[in-house]
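Asker: Single-letter residue listing:
Number of protein chains: 2
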Amino acid sequence: MKLASISYQGADCLALSIGKDQLVKASDAMTACFGRDAVIPMDMLALLQQGEEGMLNLARALAFAESNPERVTRFPQARVQWHAPVRNPGKICGIAMNNSASNSRKISAPEHPAFFLKPASCLVGHKEEIAIRSYYGSVHPEPELAVIIGKKMRDVPALDAMDYVAGYSVMNDITGNGMRAEDLFQYWAIYSNEEDPDKTHRVEQHLSYAARYKGTDNFGVLGPWLVTKDEISNPDDLSVECKVGGETVAQDSTRYYNYKVAELISFINQFHTLHPGDIVSCGTAFKPSENRKSIHNANFQQVAGPVSVSIEGLGTQENPVVVEEKEIGLWRLN
Amino acid sequence: MKLASISYQGADCLALSIGKDQLVKASDAMTACFGRDAVIPMDMLALLQQGEEGMLNLARALAFAESNPERVTRFPQARVQWHAPVRNPGKICGIAMNNSASNSRKISAPEHPAFFLKPASCLVGHKEEIAIRSYYGSVHPEPELAVIIGKKMRDVPALDAMDYVAGYSVMNDITGNGMRAEDLFQYWAIYSNEEDPDKTHRVEQHLSYAARYKGTDNFGVLGPWLVTKDEISNPDDLSVECKVGGETVAQDSTRYYNYKVAELISFINQFHTLHPGDIVSCGTAFKPSENRKSIHNANFQQVAGPVSVSIEGLGTQENPVVVEEKEIGLWRLN
Numbered sequence: 629m630k631l632a633s634i635s636y637q638g639a640d641c642l643a644l645s646i647g648k649d650q651l652v653k654a655s656d657a658m659t660a661c662f663g664r665d666a667v668i669p670m671d672m673l674a675l676l677q678q679g680e681e682g683m684l685n686l687a688r689a690l691a692f693a694e695s696n697p698e699r700v701t702r703f704p705q706a707r708v709q710w711h712a713p714v715r716n717p718g719k720i721c722g723i724a725m726n727n728s729a730s731n732s733r734k735i736s737a738p739e740h741p742a743f744f745l746k747p748a749s750c751l752v753g754h755k756e757e758i759a760i761r762s763y764y765g766s767v768h769p770e771p772e773l774a775v776i777i778g779k780k781m782r783d784v785p786a787l788d789a790m791d792y793v794a795g796y797s798v799m800n801d802i803t804g805n806g807m808r809a810e811d812l813f814q815y816w817a818i819y820s821n822e823e824d825p826d827k828t829h830r831v832e833q834h835l836s837y838a839a840r841y842k843g844t845d846n847f848g849v850l851g852p853w854l855v856t857k858d859e860i861s862n863p864d865d866l867s868v869e870c871k872v873g874g875e876t877v878a879q880d881s882t883r884y885y886n887y888k889v890a891e892l893i894s895f896i897n898q899f900h901t902l903h904p905g906d907i908v909s910c911g912t913a914f915k916p917s918e919n920r921k922s923i924h925n926a927n928f929q930q931v932a933g934p935v936s937v938s939i940e941g942l943g944t945q946e947n948p949v950v951v952e953e954k955e956i957g958l959w960r961l962n
Numbered sequence: 629m630k631l632a633s634i635s636y637q638g639a640d641c642l643a644l645s646i647g648k649d650q651l652v653k654a655s656d657a658m659t660a661c662f663g664r665d666a667v668i669p670m671d672m673l674a675l676l677q678q679g680e681e682g683m684l685n686l687a688r689a690l691a692f693a694e695s696n697p698e699r700v701t702r703f704p705q706a707r708v709q710w711h712a713p714v715r716n717p718g719k720i721c722g723i724a725m726n727n728s729a730s731n732s733r734k735i736s737a738p739e740h741p742a743f744f745l746k747p748a749s750c751l752v753g754h755k756e757e758i759a760i761r762s763y764y765g766s767v768h769p770e771p772e773l774a775v776i777i778g779k780k781m782r783d784v785p786a787l788d789a790m791d792y793v794a795g796y797s798v799m800n801d802i803t804g805n806g807m808r809a810e811d812l813f814q815y816w817a818i819y820s821n822e823e824d825p826d827k828t829h830r831v832e833q834h835l836s837y838a839a840r841y842k843g844t845d846n847f848g849v850l851g852p853w854l855v856t857k858d859e860i861s862n863p864d865d866l867s868v869e870c871k872v873g874g875e876t877v878a879q880d881s882t883r884y885y886n887y888k889v890a891e892l893i894s895f896i897n898q899f900h901t902l903h904p905g906d907i908v909s910c911g912t913a914f915k916p917s918e919n920r921k922s923i924h925n926a927n928f929q930q931v932a933g934p935v936s937v938s939i940e941g942l943g944t945q946e947n948p949v950v951v952e953e954k955e956i957g958l959w960r961l962n
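Protein chains in written order, with the working numbering: chain S, 629 to 962; chain P, 629 to 962.
Worth flagging that the hints you see were computed from the coordinates, not collected in a lab. Fair warning: there could be bad hints in the mix.
Identical copies go unnamed one by one, so any copy, or any two together, can satisfy a pair.
Claimed, not checked - List time: in silico DSS-like cross-link candidates among lysine-lysine, alpha-carbon distance up to 30 angstroms:
1. Lys779 x Lys954
2. Lys954 x Lys827
3. Lys755 x Lys734
4. Lys827 x Lys734
5. Lys780 x Lys915
6. Lys827 x Lys915
7. Lys827 x Lys648
8. Lys780 x Lys648
9. Lys827 x Lys857
10. Lys734 x Lys857
11. Lys954 x Lys857
12. Lys779 x Lys827
13. Lys734 x Lys779
14. Lys857 x Lys779
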């Protein structure tokens with residue numbers, strides 16, 4: 629199934645892909661299949677919180693709608709406004725430097741996945757405008773596979789991790805590498821001594837903070853679809869493509885990720901409980917295309933959109949990019 | 629008003645401080661004051677989403693309950709289970725290195741606030757157990773003032789920022805500085821050239837990722853209360869104290885923050901939309917106490933709890949600390 633969160637005729641709803649380029653409301657299919665008493669999830673998060681039963685009911689409703697076209701109303705995809713499939717995820721974990729193509733650029737790096745968080749407030753959907761501002765500095769796209777969690781999980785080993793996945797989506801993990809260069813600290817950290825915690829010692833440490841360069845409004849494009857996992861036989865071998873202004877800037881595959889999907893989810897899960905609707909964005913598939921253009925050439929301050937990201941089996945998202953000429957507001961009191 | 633999210637007699641509810649060490653259910657006070665048709669917010673987030681009107685109605689209901697004690701049921705604070713006052717905030721922004729006491733340890737640093745995100749899934753409430761694991765490495769408390777947003781805001785200048793604040797709470801921004809030292813990268817970043825985006829150049833950059841060391845389960849203690857802003861005349865001058873195992877490890881004040889509350893919110897707001905219930909944790913108030921003990925001596929792997937954080941006017945949170953001897957699970961597939 630391909631599920632979407634949309635607005636149609638002025639109302640937000642959960643919709644399902646049906647036939648060619650058409651949609652049906654989840655509520656319409658559910659009512660046609662199960663009658664007026666059907667328990668209809670309010671939105672994608674509510675559906676995911678229903679667990680496997682909710683998804684199975686929806687699959688039955690879709691099958692019913694496909695075989696009984698006179699019982700439901702179809703409408704064209706072109707007529708709707710798209711939102712991120714999960715509009716209000718509890719958290720979005722983004723994996724850093726997970727592409728083997730970046731390994732040669734690492735002078736030193738951990739031997740496990742490292743990750744940052746993006747806020748739900750940064751999300752936009754397919755076709756929505758990516759508005760950025762001149763004071764953000766350099767901003768580029770990062771095409772990524774997003775995994776959507778379907779069941780609450782904690783301490784799940786890699787071998788079992790895929791049982792907790794509801795499906796996949798396409799993420800453009802838009803990154804302000806200009807701001808990234810600004811939010812760096814070099815400082816003397818203090819640690820307690822291993823033998824005697826009453827004594828401390830200083831360690832020189834470089835720290836950087838990602839909330840601004842990864843979490844600014846419009847820095848996460850998710851969608852168009854949540855594609856249920858039964859449609860994707862191997863998430864660790866999907867081709868990924870990114871275009872900016874019609875030119876290809878990444879031609880890659882999830883098979884070049886350093887860590888597989890199950891490993892990423894399982895590693896995070898040794899520290900964080902994951903809940904239905906939580907998203908793990910697996911890292912940038914950024915191998916340059918044959919024309920030698922890369923995402924690093926696609927600074928939105930310099931290069932006009934639209935930007936599109938396609939992943940095999942998950943569809944294509946395409947968004948216009950708008951740069952607003954603007955100075956930062958008066959955030960100091962004096 | 630002092631508001632809390634609690635469980636009492638097996639049910640979750642929103643409660644208000646009334647009299648000495650007692651509580652009243654928000655629903656009880658609202659019904660007593662406004663009758664059976666009162667619109668009762670489901671939880672703190674729902675209350676905050678009602679905006680100022682919701683808060684004013686609740687204040688009227690509390691005043692009614694105080695003057696009509698026979699019309700409501702009071703119960704002792706000691707009988708309830710506390711949760712984080714906002715259990716499911718849309719985002720938690722944590723400010724890095726905002727204490728002037730850390731300035732002398734900075735070799736280089738930005739000239740604006742830098743911030744990271746903590747997930748809602750890491751939150752626990754007053755009295756709840758802080759369970760950490762041996763494989764997390766060194767973990768210490770960070771006592772902080774938390775600001776809770778009351779109205780959707782974007783691009784609000786510092787001078788107007790306080791109009792958007794609903795209230796304050798106490799945050800223990802628990803930090804795994806062991807994991808912090810592990811999630812560091814030194815690498816060659818690629819940037820487009822300013823004149824010609826088709827050309828790129830390499831820049832050596834140190835990056836670090838905070839989601840693990842700041843966002844692991846139980847790494848955020850919030851509460852006991854959301855204290856409405858009318859009770860706090862100056863959030864930029866509140867004393868802060870942190871104790872571990874009965875010993876004081878921080879004796880500080882929010883007046884030593886580099887940036888004032890209004891500046892922090894306003895700076896974030898030039899990048900992120902803030903929504904009702906979002907939390908800004910203003911940075912660690914970590915000046916060592918007179919006994920020369922500091923939070924850096926309070927490695928939970930070595931020093932037994934409980935840990936408490938008190939902020940002037942906002943109350944005291946106290947939590948037991950439990951260390952589980954445990955190895956990390958099998959997150960690799962082979």
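Asker: Work down the list of hints and note, for each, if the structure agrees.
Answerer: To see whether the hints hold, each was checked on the structure:
no. : hint            : result
1   : Lys779 x Lys954 : between (43 angstroms within a copy, 24 angstroms between copies)
2   : Lys954 x Lys827 : between (50 angstroms within a copy, 26 angstroms between copies)
3   : Lys755 x Lys734 : neither (35 angstroms within a copy, 43 angstroms between copies)
4   : Lys827 x Lys734 : between (34 angstroms within a copy, 21 angstroms between copies)
5   : Lys780 x Lys915 : neither (34 angstroms within a copy, 39 angstroms between copies)
6   : Lys827 x Lys915 : between (48 angstroms within a copy, 16 angstroms between copies)
7   : Lys827 x Lys648 : neither (68 angstroms within a copy, 41 angstroms between copies)
8   : Lys780 x Lys648 : neither (34 angstroms within a copy, 39 angstroms between copies)
9   : Lys827 x Lys857 : neither (52 angstroms within a copy, 40 angstroms between copies)
10  : Lys734 x Lys857 : neither (33 angstroms within a copy, 47 angstroms between copies)
11  : Lys954 x Lys857 : neither (42 angstroms within a copy, 32 angstroms between copies)
12  : Lys779 x Lys827 : neither (44 angstroms within a copy, 45 angstroms between copies)
13  : Lys734 x Lys779 : neither (35 angstroms within a copy, 43 angstroms between copies)
14  : Lys857 x Lys779 : within (13 angstroms within a copy, 38 angstroms between copies)
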